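We have chain A already, so just place chain B on it with the hints.
Number of protein chains: 2
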Amino acid sequence: MMANLPTVLSLRHLFVLSLALNVSLILRMVYDEQGGNNNKKSMEVYNHNILKSRLVIPSTSFANSTRKDHSGVVDRVIKLDHGDPTMYERFWRQMGDRSTIVIPGWASMSYFSDGSSICWFLEPEFAKEVVRLHNVVGNAVTQGRHVVVGTGSSQLILAALYALSSPDALEPITVLSAVPYYSSYPSMVDYQKSGLYKWGGDAESFDKEVPYIELVTSPNNPDGYSRQTVVNRNQGLLIHDLAYYWPQYTPIVSASDYDLTLFTLSKSTGHAGMRIGWALVKDREVAKKMTKFIELNTIGVSKDSQLRAAKVLKTISDSSQDEESFFKYSYKIMEQRWKLLRAVVESGDLFSLPKFTSAFCTFFNQELEPQPAFAWLKCEGDIEDCESFLRGHKILTRGGRAFGDSPKYVRLSLLDTDENFMLLLDRLSTIQH
Amino acid sequence: MMANLPTVLSLRHLFVLSLALNVSLILRMVYDEQGGNNNKKSMEVYNHNILKSRLVIPSTSFANSTRKDHSGVVDRVIKLDHGDPTMYERFWRQMGDRSTIVIPGWASMSYFSDGSSICWFLEPEFAKEVVRLHNVVGNAVTQGRHVVVGTGSSQLILAALYALSSPDALEPITVLSAVPYYSSYPSMVDYQKSGLYKWGGDAESFDKEVPYIELVTSPNNPDGYSRQTVVNRNQGLLIHDLAYYWPQYTPIVSASDYDLTLFTLSKSTGHAGMRIGWALVKDREVAKKMTKFIELNTIGVSKDSQLRAAKVLKTISDSSQDEESFFKYSYKIMEQRWKLLRAVVESGDLFSLPKFTSAFCTFFNQELEPQPAFAWLKCEGDIEDCESFLRGHKILTRGGRAFGDSPKYVRLSLLDTDENFMLLLDRLSTIQH
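Residue numbers (our numbering), protein chains in the order written: chain A, 385 to 817; chain B, 385 to 817.
If you are wondering where the hints come from, they were derived from the structure by calculation, not from laboratory data. Hints may be right or wrong, so weigh each one.
Which copy is meant is left open, so a pair is good if it fits within one copy or across any two.
The list that follows gives simulated cross-link-like pairs (lysine-lysine, DSBU-like), each with its CA atoms no further than 35 Å apart [claimed, not checked]: (1) K676 - K695; (2) K582 - K676; (3) K463 - K666; (4) K676 - K778; (5) K778 - K695; (6) K577 - K676; (7) K577 - K673; (8) K512 - K592; (9) K512 - K739; (10) K672 - K723; (11) K592 - K762; (12) K666 - K577; (13) K792 - K698.
Quick caveat, the model's predicted, so the values are computed rather than measured.
Chain A on its own, in the form it takes in the complex (with noise of 0.2 Å):
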């Protein structure tokens, strides 16, 4: 009976057997570690709808993968070097029309948003609708504030790289970041092999006295660490990446307050296909060169994206007080992958991860761990290249060389797909046993 059954069905049983057996082992260690029970409901519902998403929702990629290679999903190369966040499809879907949003083909024609504005490519709406997250969320101070919209947060690092150097400097003005740092840095900045800005590598090491701009992500992209500045001098110069710093990744210890801040939709509320990040400025002048930038980089910002975001940013807001919020859903399934994957990763001796402390999150008022996007994983013992180690099980990563750190760590996401992150388990405990 068994051999009359279609190969790819019975692979796909298989499979999904395979994961059931898995994830009760992975669930029996969370509870021995934990020895509560406070998390068993909560686990059974997470992994019951994991299970019924992964039997239902993916049946496209299922089919593809089937299709193309009859062994099916367990051969199947999953990719998480980039931090595409998928993840978040599903609330979005949940809402329903919500944030659905109808462009008729006469509307926001003009370049022209606000000519009253900094800003003149700036939609009012999506203006408002930051300021209003940000104070909903407490995690930046927007008073005294000019806000600039940006094609995502990479145009606007680029915008401020500019805002902050000077054309008339003899030489181009140093930037740097603490190792590890986000592996787009050092191309972002050199690519264009401007004079008026050079990547100067690791803030760490940094012992010139020159002028420099010191690029601090907190949490840090890749090891989710809260930053501070580094270099600490007179003619340092900062942009404050804080792409991250939302509820479902970190607590929020207070509202933000510096001179140069950036933040995306990306990240935020999963929107990356959009581009839509935002600086928050607080000196008139840098706010002009940052708009002239994008005026010369681009001609504005997409109005289309700008409208569907102010429609997202909106129904976190309106909807922040319910009990399927935005930050609540996202922050128990950020909360849920990190239980799981540390598990997994402590049931053996090949791999560990950062840890971290908790802190009074002002938001859900009460004491939280950090939770970050991305998994900075080490490869312990004799693992040199933890890179090509992953690759050779069908687990895509970043090495850590790419953050000017050694090749003994990866970057993994942690917003992909149920599946994905499932079948990252999966290999990641296979590996180890």
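Chain B only, in chain A's frame:
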């Protein structure tokens, strides 16, 4: 009785009366010159539409200007220094729901669009409609080309400079364009002080034996003439900026067939606020490098705007054979605007306009004259600074110096609202008489 009417109302009436008088003057002149009856009906219809729309549509701008200063629209500054294509809004309003787009909150969340394309953030639907529209219009060969989408064609110009230059070259490559060139080229090329490329000025006076990139804008911004390459040497690399190569502006004489060609929605359909442009690229490696630039610059291009752009392009292609097709509609407006403008300019000695020769348009299947999006107006006689002169009459334009040319010239946008265009005619007429 008159004295009892509110000031605002009576001023508005006076203004409409004055315009009507001027327009009838203009119409009479057009007749005298052409001696024909052919244009009478369309002119009257146009005139009627303008007055109707002016009385109905611009209630807000009227209200604003009269509220601000009780002298009313007579004193209002008209801004024609940018090429904001607001003229097209009425067409898209008339199309009703045909180009409306609905985007649910969960859609297009990923960074990625199409893993199989060189340009991994290109929405397949947008690429399909780009190719289709070029086939409908006949203005570009798409076979054997890679489509690269950009945040407006500005970003694509930078992407092309990046792709065509070499990081290993000893000197930055020289970027040229023949005078008068698009006023933004020099600052777009030089604002980052890139070591890859640098602005070299007028292509006509280029005499160095070094590698170069020539920007060929055809029809040209600001003067509207069709252009060919100027330098024509072996080491030359070419970027063809065909933003205005559409039937409403110039006869489509053949399908363009270059190595690297740029188009943009801003000028073709009037959707400047979307920030969507595209490149047709012959060489696979150049397309890859352009994609890499956009990845480092903005990690892709707004999915929302790409989807909306696809819908807009589809609407145009679907209705290309209709009586009220987009290109027929916009051709007619441009034709009428140029006739009115020429009539006003030719009624005095103060100004002159470029003269164009007609050519056979394969799209409209008849011999037609160019009718550019900008008027390249020359102040005759003693007026040396045409921009200042017109500013004195509350008409904002961009002076010739910005385009590398004499200050006796100005560029003024003919893509603004009917109201502003009629005010322009009124003022130019008043200046001359």
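- prompt: Among the hints numbered above, which are violated by the structure, and what are their numbers in rising order?
  reply: 5, 8, 9, 10 and 13
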